[in-house]
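Take the sequences, apply the hints, and build the full model.
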Amino acid sequence: MNRRCKNSSEMWRPSWRISRSAIALLLILLAYGCASWKPGTSIRQEEGIASWYGKDFHGRPTASGEIYDMYGFSAAHKTIPLGSTVRVTHLGNGRSIVVPINDRGPFVGERIIDLSYGAARHLGMVKEGIAKVRVEVLQISRTSEARYTLQFGAFTERRNAVTVAQRLRTLGYPSNIEEATAQGKRFYRVRHGEFTSLEQARKQAESFNARGITCVVIGL
711 MNRRCKNSSE MWRPSWRISR SAIALLLILL AYGCASWKPG TSIRQEEGIA SWYGKDFHGR
771 PTASGEIYDM YGFSAAHKTI PLGSTVRVTH LGNGRSIVVP INDRGPFVGE RIIDLSYGAA
831 RHLGMVKEGI AKVRVEVLQI SRTSEARYTL QFGAFTERRN AVTVAQRLRT LGYPSNIEEA
891 TAQGKRFYRV RHGEFTSLEQ ARKQAESFNA RGITCVVIGL
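Taking our numbering, the leading residue of the sequence shown gets 711, the next gets one more, and so forth.
Derived by calculation from the structure, the hints in this document are not laboratory data.
Model, not experiment: these values are computed from the prediction.
Check before you lean on any hint, since a few could be wrong.
Derived CB-CB ranges, DEER-like [to be verified]:
no.: 1; residue 1: G834; residue 2: V872; range: 42 to 52 Å
no.: 2; residue 1: E820; residue 2: D766; range: 32 to 42 Å
no.: 3; residue 1: R869; residue 2: G804; range: 43 to 53 Å
no.: 4; residue 1: N870; residue 2: N803; range: 33 to 43 Å
no.: 5; residue 1: T866; residue 2: K913; range: 22 to 32 Å
no.: 6; residue 1: L881; residue 2: G769; range: 37 to 47 Å
no.: 7; residue 1: E904; residue 2: S851; range: 10 to 20 Å
no.: 8; residue 1: P771; residue 2: T906; range: 21 to 31 Å
no.: 9; residue 1: R805; residue 2: R877; range: 41 to 51 Å
no.: 10; residue 1: E820; residue 2: T891; range: 30 to 40 Å
no.: 11; residue 1: G769; residue 2: K837; range: 19 to 29 Å
In silico BS3-like links for lysine-lysine, alpha-carbon gap of 30 Å or less [claimed, not checked]:
no.: 12; residue 1: K895; residue 2: K837
no.: 13; residue 1: K842; residue 2: K895
no.: 14; residue 1: K765; residue 2: K913
no.: 15; residue 1: K765; residue 2: K837
no.: 16; residue 1: K837; residue 2: K913
no.: 17; residue 1: K913; residue 2: K842
Every residue gets a Cβ at the ideal spot worked out from N, C-alpha and C, and that includes glycine.
Encoded structure:
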C-alpha cells in the first residue's frame, strides 16, 4: 500500500471563491478523518503483490507488540499506521478479507503486503505463495501519531551496514543502524530521519533515489 498521488497547489486569490474552495477542502479533510464512520468505505487503495508468512514467526511479537498468530487474520505493511484496518482482494479469484495491520513488512522486492497464514488461506493463495491483490484502507488508526523513516538497506553482515551508514554521514545525513531478527536470521538495518508526514517522507525518498541512493519509506 505505496504500498501515490501528486499534490498540486494554487495561487491565493483574495476573492469569495477562495473561501468556498477552502470550505470544500475542509469538508474533504473532515470526510477523510471520519471515514471510519462508514464501514466498508475505502479511504485509499493500491494494487501489487501480496505474500504470506507463517510458522517461522508464530508466537513472536509483531511490530505492534501483539503476539503473531499465524492462524488468525492479520497483515504487515511498510507504511500504513499500526492498528489500521484494510480490505485485501485477490485479483485472481475475487476473494477478499478485512484484516488489521499489526506488523511491518514485507521487505522483499516490490511486495506491498504480507498476510498471516490464516488470511492467505482464506484468499486461496497459500500454495502459490504470492498473489496480485488490491489493498484498500478502510480505517486509519488514530491511537498514536504516525511516524516514518527512510531505510537504506537491511544487511546480514554488520560491516556492510556500517559502510552504508558512513557514506550517508559523509554526505551530511546522520543515520543509525538497527538490529532485527527475521526468519531466524539477524539483520542490520540502516535508517535515516523521522517524519510525521508520509508525503514528506516520500518526497525525501524521491530526492535520494533521484541521486542514485536507494531507499524506501518505512512506518515506525
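Structure-based check of each hint:
Checking the proposed 42 to 52 Å range against G834 and V872 shows it holds: the Cβ atoms sit about 44 Å from each other. A beta carbon spacing of about 22 Å between E820 and D766 contradicts the range 32 to 42 Å that was offered as a hint. Take R869 and G804: their Cβ atoms lie about 48 Å apart, and the range 43 to 53 Å holds. For N870 paired with N803, a C-beta distance near 41 Å keeps the hint of 33 to 43 Å intact.
At roughly 30 Å, the beta-carbon separation of T866 and K913 lies within the given 22 to 32 Å, and the hint holds. The hinted window of 37 to 47 Å between L881 and G769 holds, with their beta carbons roughly 41 Å apart. Between E904 and S851, the C-beta spacing of about 18 Å keeps the proposed range 10 to 20 Å intact. Separated by about 24 Å at the C-beta atoms, P771 and T906 satisfy the suggested range of 21 to 31 Å.
The hinted range of 41 to 51 Å is satisfied by R805 and R877, whose Cβ atoms lie roughly 45 Å apart. The hint said 30 to 40 Å for the Cβ distance between E820 and T891, and at roughly 24 Å that hint is violated. Distance hint check for G769 and K837: the Cβ-Cβ separation is about 24 Å, which falls inside the suggested range of 19 to 29 Å. Distance hint between K895 and K837 is fulfilled; the C-alpha atoms sit about 24 Å from each other, no more than 30 Å.
Annotation: proposed proximity of K842 to K895 holds, straight-line Cα distance about 27 Å (limit 30 Å). A C-alpha spacing of about 37 Å is found between K765 and K913, which places the hinted pair above 30 Å, so the restraint is violated. With a C-alpha separation of about 15 Å, the suggested pair K765 and K837 falls inside the 30 Å cut-off, and the hint holds. With a C-alpha separation of about 37 Å, the suggested pairing of K837 with K913 is violated against the 30 Å cut-off.
The straight-line distance between the Cα atoms of K913 and K842 is roughly 27 Å, inside the 30 Å bound, and the hint therefore holds.
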